[in-house]
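> Sequence:
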Amino acid sequence: MMANGEEVPEDLIVKLSRRDGMARMKIAKYKKEYGDMDVEEDPKAILEVMSKIYAGGGKDVVLEAQEKGIILKAETLQKAYSTVDTVRKASQDDGVFSSATFKQYQKFILNSTSTGPLDFNGARELTEEGMEADGDFRMMVLKWESETPRPVS
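Residue numbers (numbering that gives the first Met the number 0): 0 to 152.
I should point out that these hints are in silico values taken from the structure, not numbers from a laboratory. All figures in this text were calculated on a predicted structure; none of them were measured in a lab. Just to be clear, a hint being listed does not mean it is correct.
Claimed, not checked - Only pairs whose alpha carbons sit at most 20 Å apart, straight line, appear in this in silico EDC-like list of lysine to aspartate or glutamate: (1) K106 <-> E63; (2) K102 <-> E66; (3) K106 <-> D84; (4) K72 <-> E124; (5) K142 <-> D59; (6) K78 <-> D19; (7) K30 <-> D59; (8) K78 <-> E9; (9) K102 <-> D92; (10) K28 <-> D41; (11) K102 <-> E63; (12) K30 <-> D19; (13) K78 <-> E63; (14) K88 <-> E144; (15) K72 <-> D59.
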């Protein structure tokens, strides 16, 4: 990949290969390591995808986001798939997202960062700040859980 984001022309690769037999491999390695650097993702759209994952959305949410062009970087894709697996485990009956303490703090965060009237289910519209706070809280709880060993009975 060239500096302006274009692919390296094949004839240039052939010329470079005459001087350096490893040129093709080096170009592929560069593209793999640095190809995503100039790609910009929309942080709000990524936040919405992560919120869907935290709400229980599976790998289909990630695949859909990739197909729609929301997820553009390999790093983001890997993080999203990893988060799906982690959230699935945390949402099980014995998972950290099922604990009364988690639910109490999450309810506080959601109530503090919501606006508008209550709907039929007793919920209000979550602000962008609320989505971010909920995502950050869930991420920190998951990090804490991974770093804290469970007691053995």
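> So, for every hint listed, does it hold in this structure?
Hint-by-hint comparison with the structure:
no. : hint         : verdict
1   : K106 <-> E63 : 29 Å, violated
2   : K102 <-> E66 : 33 Å, violated
3   : K106 <-> D84 : 23 Å, violated
4   : K72 <-> E124 : 30 Å, violated
5   : K142 <-> D59 : 24 Å, violated
6   : K78 <-> D19  : 36 Å, violated
7   : K30 <-> D59  : 27 Å, violated
8   : K78 <-> E9   : 33 Å, violated
9   : K102 <-> D92 : 13 Å, holds
10  : K28 <-> D41  : 26 Å, violated
11  : K102 <-> E63 : 28 Å, violated
12  : K30 <-> D19  : 17 Å, holds
13  : K78 <-> E63  : 15 Å, holds
14  : K88 <-> E144 : 11 Å, holds
15  : K72 <-> D59  : 17 Å, holds
In terms of the numbered hints stated before, the structure departs from hints 1, 2, 3, 4, 5, 6, 7, 8, 10, 11, listed from lowest to highest.
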